[in-house]
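Chains L and B supply the protein sequences, listed in that same order. Take the first sequence: its letters are residues 1153 to 1599, numbered as in the working numbering. Take the second sequence: its letters are residues 1153 to 1599, numbered as in the working numbering.
Keep in mind the hints are simulated off the structure, nothing from the lab. As the structure is a prediction and not an experimental result, all values here were calculated from the model. Mixed in with the good hints, there may be bad ones.
Where chains are identical, the list cannot tell them apart; a pair therefore holds if satisfied intra-copy or between any two copies.
To be verified - Below, a list of computed lysine-lysine pairs in the DSS-like style, where the Cα atoms sit at most 27 Å apart:
id, residue 1, residue 2
1, LYS1309, LYS1344
2, LYS1387, LYS1219
3, LYS1219, LYS1373
4, LYS1172, LYS1233
5, LYS1194, LYS1501
6, LYS1420, LYS1373
7, LYS1344, LYS1172
8, LYS1373, LYS1562
Protein chains: 2
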Amino acid sequence: MSYKKDVFHLRSLLLALDEKEYESLIEDLHPADILDVIRQFKDDRVDILNRLPAWMIAYILDEADDKEKYELLSVLPRPRKKEIIGEMSSDELTDMVGSITPEEAKEIFTNMDSEDADELKELLTYNPETAGGIMAKEFLSVTENMTVEETLEYLRKEAPGAETTYYIYVLDENQRLKGVLSLRNLVISDLKARVSDIMHERVISVPVTMDQEEVGHLFEKYGFLTMPVVDDKDKMLGIITFDDVMNILREETTEDIYRLGGVQEGEKITGTVTESVKRRLPWLFINLLTAILASSTVSLFEGTIARVVTLATFMPIVAGMGGNTGTQTLTIIVRGLALGELTFENAKKVLLKEIGVGVSTGISIGVTVALLGFFWAGKPVFGLVIGLSMLLNMTAATLAGFLVPLILKKLHVDPALASAVFVTTVTDVLGFFFFLGLATVFISYLT
Amino acid sequence: MSYKKDVFHLRSLLLALDEKEYESLIEDLHPADILDVIRQFKDDRVDILNRLPAWMIAYILDEADDKEKYELLSVLPRPRKKEIIGEMSSDELTDMVGSITPEEAKEIFTNMDSEDADELKELLTYNPETAGGIMAKEFLSVTENMTVEETLEYLRKEAPGAETTYYIYVLDENQRLKGVLSLRNLVISDLKARVSDIMHERVISVPVTMDQEEVGHLFEKYGFLTMPVVDDKDKMLGIITFDDVMNILREETTEDIYRLGGVQEGEKITGTVTESVKRRLPWLFINLLTAILASSTVSLFEGTIARVVTLATFMPIVAGMGGNTGTQTLTIIVRGLALGELTFENAKKVLLKEIGVGVSTGISIGVTVALLGFFWAGKPVFGLVIGLSMLLNMTAATLAGFLVPLILKKLHVDPALASAVFVTTVTDVLGFFFFLGLATVFISYLT
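Input sequences plus hints: build the corresponding full structure.
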């Protein structure tokens, strides 16, 4: 099935179907598909939204980006707004309210009943990039002494409002987490059995302050559908579902890839020239400063270059190989930190490995370039100078590629920001210094 | 809870608890946690595995890497092996058998009953990186005219063997997909209702040949727990579950990040020096060839540099800014292709935007560097030459950053492989050519 064709077809169905067919269509549609239509046909969005039931719009807002949620909501008349807000889940409401102005937020609160408003206020107190900031309040809970039958009855009543029904949490009178039941277990158990007999007691939970990326790794490790969020007294505060986590992991990885490539997070591939220039230019100016640093190093040796111009010819090899070696190590280290595979515990072992790699590849490339330099310049000492400086620079490059992200991590700065700037500055400056410095020392053998 | 402390504690529990406590511990443990212990304490792994029930070992193998699965299985005695293979799910068996030698695979087949062996043979015929290669055969299916009560009964019997029980698929007599039931719906429906009344008819399915990365994007878009896999006649062949997809997305992203950084996929951060050198050296030699190309460009202009040595000083700025501009565009394009946001349809718009960005940032940086060159060299024409070549090179850099990955995509090569090599070769060679070429033309104004 062609997805593109589908959008056009779906648009006409959403606008033109008669009442009865429309209702059965809506029952069977996925909100993400309707959102595609709304995004692609901006002129039709009011007509499409006006026809949709409030519960479906709430689902669509679940799928939308944070800012888009409010944008879509604000085109609707006030009574509808209120109804939709009532249907939205607390985590999505939090994301939306976190992305709008205080005045806009105030309007949202006036459209909520006081219980929902209190929940929202609580969720807004957490750092948006922690477990508390991404959790929802709509979870199902029972007590230990209930029976399977009572639990199923409770489920029939409460299921429509819950984020997920696949796990039901068992809490004590102080809301402390005692166990978890899966819907699967419930369905295959005897109706008279007690919750305490069939529940799973070793519940893996997430502290409310945990960083969202770390939460993502726990989901990847355990393959859970949902995870409960608890405070430091093990009181259950909310749940996180895997679909939200998938989005977070995608965003975090895009951010890492962008930062490694010197692009600011949030740049859209289909944005305008002005937006992109605004985001990229600051980075280019930072890079310009570091390039000027490298140029200054070269300028120290202009006298040497004037006497042996072939040195200028070999400068791109020095800079290029140092940069590549540094980037290789940097990539491994940044990704290792992001995936939690590199820790401060195994850091020393990894450092020794990287230095070993720098020396080994430095010798291989150094000997090759030394031979090349010898034949190109016709002087053995020229080969020695370029070969030795390759070895020194490539070893320094692995060191820089290792140390820069770890130092940033210690300073609580995203290691991916290490990227091009710091590491290639080190390799450029040191590379030119080794190469042109050695050449200056041995200048009498080179002319 | 400290995860590190947990591993040590868990190891002693697994080895030392008495029979009864051990059994209740195992019921409550997550296989991923046991795998952590087995990985960390290699000397204890036979003892730990020997004590574990076969079903738990099968779950642990589910969590293990492809090659690790067979490694763990092979330390066990033959009768246990057979029992564990019988408990493993078909998708994990496929991954394992796909990663071992034909002789080892033959031994696995001798330990299987003929029905499971046929399933496995079928799964092995699919490309491992497509929907067919990652799906499992263990799904639950019912027919339209069954009642909710009959379905629940079927569920009680079949649930233990299924990959997931949260969705039950409705098939016709030719195994064609007609609808889907969620366990949630089933639980809240009347026991006498027919499946056809409560099923969801518009099932979103995945063609068996779809690339696994595209499957990943569908899961991200729809937030599904599982998706059915169908052939071109809509016959249901298997299911894919979200936890497998999360792993695939992580692997695909790591691969992209590694390739952008010039690192071969599969390099382990804690591997040996020899392994890393073997993987990185070929890439460094490819880069050396392209650096030699840049050096050759410079060597054409040795005569000019000999007369104006300050040109050598500015070379790092030309190369650096071109490389950074190209990398920014490359990053946006490669990630856009990976996330499906850049298509051949919107490519023209994005190309025009990138050229616009190249020209705009080129003018900003060009004017700055022109002024710098003017003051540094004390000659206005020097400023003009370096400024103009920055503008030309940065525009060319955005073009290269855009075109190289798209051309690779057209040639069915992973666009992330575009990385440093091709783009920075273009920016180095063109940058030096523009800069030193213009300097040669205007040489009389520079000396």
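These are the hints, each one checked on the structure:
no.: 1; hint: LYS1309 <-> LYS1344; in the structure: both (19 Å within a copy, 19 Å between copies)
no.: 2; hint: LYS1387 <-> LYS1219; in the structure: neither (32 Å within a copy, 41 Å between copies)
no.: 3; hint: LYS1219 <-> LYS1373; in the structure: between (31 Å within a copy, 18 Å between copies)
no.: 4; hint: LYS1172 <-> LYS1233; in the structure: within (24 Å within a copy, 57 Å between copies)
no.: 5; hint: LYS1194 <-> LYS1501; in the structure: between (55 Å within a copy, 18 Å between copies)
no.: 6; hint: LYS1420 <-> LYS1373; in the structure: between (30 Å within a copy, 18 Å between copies)
no.: 7; hint: LYS1344 <-> LYS1172; in the structure: between (42 Å within a copy, 26 Å between copies)
no.: 8; hint: LYS1373 <-> LYS1562; in the structure: within (25 Å within a copy, 35 Å between copies)
Hint 2 from the list above is the single one not met by this structure.
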